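S.K.: Please take these sequences and the hints and turn them into a complete structure.
4 protein chains.
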Amino acid sequence: MDFQQILTEIHEEVQSFAGQGKVADYIPELGMVDPRKFGIYLTFLDGKTFSVGESQEKFSIQSIVKVLAVGLAISIIGKKIWKRVGVEPSGHPFNSLALLEYEAGIPRNPLINSGALVVADILISHLKNPQKDFLHFVRRMAKTENIQYNKQVAASEKDWGHRNAAITNLLKSFGNIHNDIEDVLDFYFHICSIEMTCRELSQAFLPFADHGRALSITGEFLTSSQIKRLNALMQTCGFYDEAGEFTFKVGLPGKSGVGGGIVAVYPQEFSVAVWSPRLNKKGNSLMGMKALELLTTKTGMSIF
Amino acid sequence: MDFQQILTEIHEEVQSFAGQGKVADYIPELGMVDPRKFGIYLTFLDGKTFSVGESQEKFSIQSIVKVLAVGLAISIIGKKIWKRVGVEPSGHPFNSLALLEYEAGIPRNPLINSGALVVADILISHLKNPQKDFLHFVRRMAKTENIQYNKQVAASEKDWGHRNAAITNLLKSFGNIHNDIEDVLDFYFHICSIEMTCRELSQAFLPFADHGRALSITGEFLTSSQIKRLNALMQTCGFYDEAGEFTFKVGLPGKSGVGGGIVAVYPQEFSVAVWSPRLNKKGNSLMGMKALELLTTKTGMSIF
Amino acid sequence: MDFQQILTEIHEEVQSFAGQGKVADYIPELGMVDPRKFGIYLTFLDGKTFSVGESQEKFSIQSIVKVLAVGLAISIIGKKIWKRVGVEPSGHPFNSLALLEYEAGIPRNPLINSGALVVADILISHLKNPQKDFLHFVRRMAKTENIQYNKQVAASEKDWGHRNAAITNLLKSFGNIHNDIEDVLDFYFHICSIEMTCRELSQAFLPFADHGRALSITGEFLTSSQIKRLNALMQTCGFYDEAGEFTFKVGLPGKSGVGGGIVAVYPQEFSVAVWSPRLNKKGNSLMGMKALELLTTKTGMSIF
Amino acid sequence: MDFQQILTEIHEEVQSFAGQGKVADYIPELGMVDPRKFGIYLTFLDGKTFSVGESQEKFSIQSIVKVLAVGLAISIIGKKIWKRVGVEPSGHPFNSLALLEYEAGIPRNPLINSGALVVADILISHLKNPQKDFLHFVRRMAKTENIQYNKQVAASEKDWGHRNAAITNLLKSFGNIHNDIEDVLDFYFHICSIEMTCRELSQAFLPFADHGRALSITGEFLTSSQIKRLNALMQTCGFYDEAGEFTFKVGLPGKSGVGGGIVAVYPQEFSVAVWSPRLNKKGNSLMGMKALELLTTKTGMSIF
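Residue numbers (the numbering used here), protein chains in the order written: chain A, 1 to 304; chain B, 305 to 608; chain C, 609 to 912; chain D, 913 to 1216.
Honestly, the hints are just simulated from the structure, not real lab data. Hints are supplied without guarantee of correctness; some may be wrong.
Listed next, the in silico BS3-like pairs over lysine-lysine satisfying Cα-Cα at most 25 Å (straight line) [as the list claims (entries may be wrong)]:
| # | chain 1 | residue 1 | chain 2 | residue 2 |
| --- | --- | --- | --- | --- |
| 1 | B | K362 | A | K298 |
| 2 | A | K128 | A | K151 |
| 3 | C | K889 | D | K992 |
| 4 | D | K1193 | C | K688 |
| 5 | D | K1070 | C | K889 |
| 6 | D | K1193 | C | K687 |
| 7 | A | K22 | A | K151 |
| 8 | A | K22 | A | K282 |
| 9 | B | K585 | A | K282 |
| 10 | D | K991 | D | K1070 |
| 11 | D | K1210 | D | K991 |
| 12 | A | K298 | B | K384 |
| 13 | C | K666 | B | K462 |
| 14 | D | K991 | C | K688 |
| 15 | C | K630 | C | K666 |
| 16 | D | K1194 | C | K691 |
| 17 | C | K889 | D | K949 |
| 18 | B | K362 | B | K586 |
| 19 | D | K1193 | C | K691 |
| 20 | B | K384 | A | K79 |
| 21 | D | K992 | C | K687 |
| 22 | D | K1194 | C | K687 |
| 23 | D | K1055 | C | K688 |
Covered stretches of chain A, going by a simulated chain B footprint (3 or more residues, C-beta under 8 Å) [unchecked claim]:
| # | segment |
| --- | --- |
| 24 | 80 to 91 |
| 25 | 234 to 244 |
| 26 | 271 to 283 |
Please read all numbers here as calculations on a predicted model, not as lab measurements. Yeah, the Cβ is synthetic: ideal placement off N, Cα and C, and Gly gets one too.
M.R.: Written out as structure tokens, the structure reads:
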């Protein structure tokens, strides 16, 4: 298959959706991005890579980091994590409190905000220097030192992050946050502020396609079984209340972020990252979703 | 791999869960089954088959039929079906009305009761003799004439089916049932009453592993793309509010029924049916779930 | 106080709201009423009466009948009724199923649809000829034989009553309907179809102002304590999710109907009925609410 | 009527419930109270007073203060308050976030936590020295200088008040908190920590029985109409999801607190305060509810 040709076609075809959707602007820093940006980077396990567009420009990875965070947490505490967070799709928007209230403080899964906040709490409890260690971990995953927190984004998130503060307080009231609330929020907003390129994201998620090579910060490997389960989690929970739609149309495990990025993996074959800042009503990149749908349609490469 | 040996091991290992769980007894007919029954039947695309236990005894397939029903409906009306039912996991029990009320009569997906009732309504609108035609379709899928409705089960379901009647009336109040409510319920209870063996179920679901060979009743094929999407749907919605758990632990698209049956498919390779009547708290076969978890663990055959 | 003068003023002042709101048209029979109709009838315990507008024209009393029905049920089975229905405001629209589902089939109170359907079921169980006996009871309360069911309205409600059928089936699934669903719905739709004038309604509710004179069909009196509790129930639950608003602005126990009628009582003093068909967004008579607000403001006669 | 005799009877009769219920212990300070305490203080508009038990011992008034707070807020900003908080019963527990989320940050009423937090925010915006001024207001209402905040209780509430912090953050995310979250919580926990005796509470709520004499801190009177509406609000919303039960059984506007206190008023006649620390499952004083039910039953003095 001529993957370069396919990416070029996708790039052209998604242009018909340019102008649809809306860049996230709940904090000013995110709203300043050029909405026309678009990039794809495809990395195969055998080392081949293909790309189109602005695939080497940095953008805010936002919720995509939740997958890396839960992966790191599992590498440290293993199965015990499932006592504090579930593995079910929530069927609710990413930042809902209602469900959390009814289910007594156990988030449905680690890829919605409440779950990721519990994961952040776990990492704070186990990392010596949480911010420094986490950044080190992401750099190792992406195989580059050139990855930073955007301190301005992190600070701005905190200024406007009342809903996340509400969630964290509610979790704390149920005993499912062990550290100081301010510390958890600070760490969470920092890891969400990480900036990466499509190329770097694609590289960082390659271990999810290649079972068993995800070097954890502790120097141990995530097992093949753990990787599979993280992929399963992305499949059912990676797109908030649009997870079914993504699974249905794209058929690959993946995760989106409000910065317009989406990563997806095709086990045993490749990982791919797309970036286009305009979001659909569910908060997922509109052209990014279309691009990945075209990718699996054109290549037939879906897990189903 | 020695699949026969693996099935034998699974058979032994799941015995430690015998006694846990509870046979469905909301209608007397289902409650009369011997709870100790257990069977697995594995059918590969290349024709090889493996089995253990009571894999050739009939049992009530119940909700498993929802996959066949929605497949048939798609083969008839195509994409139009998604105007009347969604593709998202519900995050709620199988028979919940609350979500349906909030979302104005559009069921979250066709594999929960409300969605399957809409599918039943669609089939009634398009089949000349709905009961006869549907049975004919299932027989063709399973490649045997020896499949029947259990009229007693269907009648008993109706006597106790007030919640399904509530759902259908609520759907009707939103305009999402076009036929007579009694007719829809009658057809729905009939198709759920079908009795099949693990062997027959495994055969009937083989086309979901082998993209593009699912003969529809109209004589046309479901496309490879349609099959993939049905698999995706099973993955995210096949186990009610335990879909994430199944995806996480088993990693195969599948569907369970309250009669204790579960089918699952490994695309390009095999389909498998398990039967064990005792259900866990979420209404899925307790030993069946364990058996399939062991199968993917022992074989490494998960889609992730 | 010159009550006639006050009613005349109210009649004039509410004209500024004419044209706002919308006549109920979920069944054609209700939609045919002249939206400009307006009437008030005020009956004092000492026998004095005052009225303005079309206070002696018949209209569909609809949900107002729920108070009479629960009163009759209490006169028959007493406190046992509270095992099957609660006394709390629902905080939800009148026809919601969600709450009923979460609370396992015990309606929040007898003045929302689900609760009134349970009351209808109780009456069917205890009345020899439910329809005939209930009509007889209402006639005695209103002191006139000239009260009828509107059979056409009852039939039309049934044709369009899928949501009430949904509620009744859901109640039945929880075991809180003892009779045949069709019979319950038929009886319920009949009692809601009763047509009365403001004058007749005012008379029928006078016993609620005059503790202890509500002749029950069994020939016994409702006790003063029972009357007070029914008034309390009207106060907290008489206007669906606008009960607080009515209590807040009008300050009298009352009950509205989708036909545009409202009754209210001022204990020890009077009962009043208003009619104006246009409804606000919560389903209560828009001008009727305003008229009663003006009445308590002008007279200072609120229970608070 | 011999009110002293009636109070003595009530005192005796409620003893049969001693031992039922549970003292609030979510903060250690509240848990230390002697559960056997019981007092009633009844103040008539004509100056007569009656009492039994420990009616002159201080206890934590907790949520009872919400009525005084909203009264003060209305005296300052008038009707504008209803743009930020509603007047409907919530049908949910006092500290629920779910409803608040669905209704976009407008609390159902000012007597549940979320509503009272908005009221606290309003008072902070309008009082020069919020803590000092509010205490001054309560002292004037109760006609004694001998009223204090319990700083230890306020501090302890803050340490354990993650759910209230969650609510305040959620309100802030919807723009319905204008001041600093810490300031709002601090003020809220302070006013809830006020300690009063039954006698003082009874005095402080006498203006609610005597329309038009509630001196506000600004030196103006609450109007008779405002008082009536506050009474209406207590009637429908004063007891969380047990408001209907209280209205039904007691038939007086009232408000309870988690410290075991309840106040109620009989318009034009009296105000009454009861104290008994053991709470029922809904968080209202178990013996306090019984005592007030007996009071209206024995005296016939209910508003209905």
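S.K.: Compare the structure with each hint and give your call.
M.R.: Hint by hint, here is what the structure shows:
1. Taking the CA atoms of K362 (chain B) and K298 (chain A), the gap is about 42 Å. The hint is violated against a cut of 25 Å.
2. At most 25 Å may separate the alpha-carbon atoms for a hinted pair to count; K128 (chain A) and K151 (chain A) meet this at roughly 20 Å.
3. For a cut-off of 25 Å, the pair hint linking K889 (chain C) to K992 (chain D) stands: about 22 Å separates their Cα positions.
4. Proximity of K1193 (chain D) to K688 (chain C) is assessed by CA-CA distance (about 22 Å); at most 25 Å being required, the pair is judged to hold.
5. Taking the CA atoms of K1070 (chain D) and K889 (chain C), the gap is near 40 Å; set against the 25 Å cutoff, the hint is violated.
6. Of the supplied pair hints, the one linking K1193 (chain D) and K687 (chain C) holds, its CA atoms being roughly 21 Å apart against a limit of 25 Å.
7. Using a Cα cut-off of 25 Å, the hinted pair K22 (chain A) and K151 (chain A) holds, with the two alpha carbons roughly 24 Å apart.
8. A C-alpha spacing of about 11 Å is found between K22 (chain A) and K282 (chain A), which places the hinted pair at or below 25 Å, so the restraint holds.
9. Pair hint K585 (chain B) plus K282 (chain A) does not hold up; C-alpha atoms about 32 Å apart against a cutoff of 25 Å.
10. Pair hint K991 (chain D) plus K1070 (chain D) does not hold up; C-alpha atoms about 31 Å apart against a cutoff of 25 Å.
11. A distance of roughly 38 Å separates the Cα atoms of K1210 (chain D) and K991 (chain D); the hinted pair therefore is violated under the 25 Å criterion.
12. A hinted pair counts as satisfied when its Cα atoms are at most 25 Å apart, and K298 (chain A) with K384 (chain B) qualifies at roughly 23 Å.
13. For the suggested pair K666 (chain C) and K462 (chain B), the alpha carbons sit about 42 Å apart, so the restraint of at most 25 Å is broken.
14. About 43 Å separates the Cα atoms of K991 (chain D) and K688 (chain C), which puts this hinted pair outside 25 Å; it is violated.
15. At most 25 Å may separate the alpha-carbon atoms for a hinted pair to count; K630 (chain C) and K666 (chain C) meet this at roughly 19 Å.
16. Simply put, K1194 (chain D) and K691 (chain C) have alpha-carbon atoms about 18 Å apart, close enough for the 25 Å limit, and the pair holds.
17. A C-alpha spacing of about 48 Å is found between K889 (chain C) and K949 (chain D), which places the hinted pair above 25 Å, so the restraint is violated.
18. Annotation: proposed proximity of K362 (chain B) to K586 (chain B) holds, straight-line Cα distance about 23 Å (limit 25 Å).
19. The straight-line distance between the Cα atoms of K1193 (chain D) and K691 (chain C) is roughly 18 Å, inside the 25 Å bound, and the hint therefore holds.
20. For the hint linking K384 (chain B) to K79 (chain A), the alpha-carbon distance of about 43 Å lies beyond 25 Å, and the restraint is violated.
21. Distance hint between K992 (chain D) and K687 (chain C) is unfulfilled; the C-alpha atoms sit about 43 Å from each other, more than 25 Å.
22. This hinted pair checks out: K1194 (chain D) and K687 (chain C) have alpha carbons roughly 21 Å apart, not beyond 25 Å.
23. Of the pairs offered as hints, the one joining K1055 (chain D) and K688 (chain C) is violated, with about 46 Å between alpha carbons and a cut-off of 25 Å exceeded.
24. Given as covered by chain B, the segment 80 to 91 of chain A passes the check, having 6 residues with a CB less than 8 Å from a CB of that chain where 3 are the minimum.
25. Proximity of the segment 234 to 244 of chain A to chain B, defined as three or more residues with a beta carbon under 8 Å from a beta carbon of that chain, is established by the 7 residues found.
26. Using a Cβ-Cβ cut-off of 8 Å, 0 residues of the segment 271 to 283 of chain A lie near chain B, which falls short of the minimum of three, so the contact claim is violated.
In terms of the numbered hints stated before, the structure departs from hints 1, 5, 9, 10, 11, 13, 14, 17, 20, 21, 23 and 26, listed from lowest to highest.
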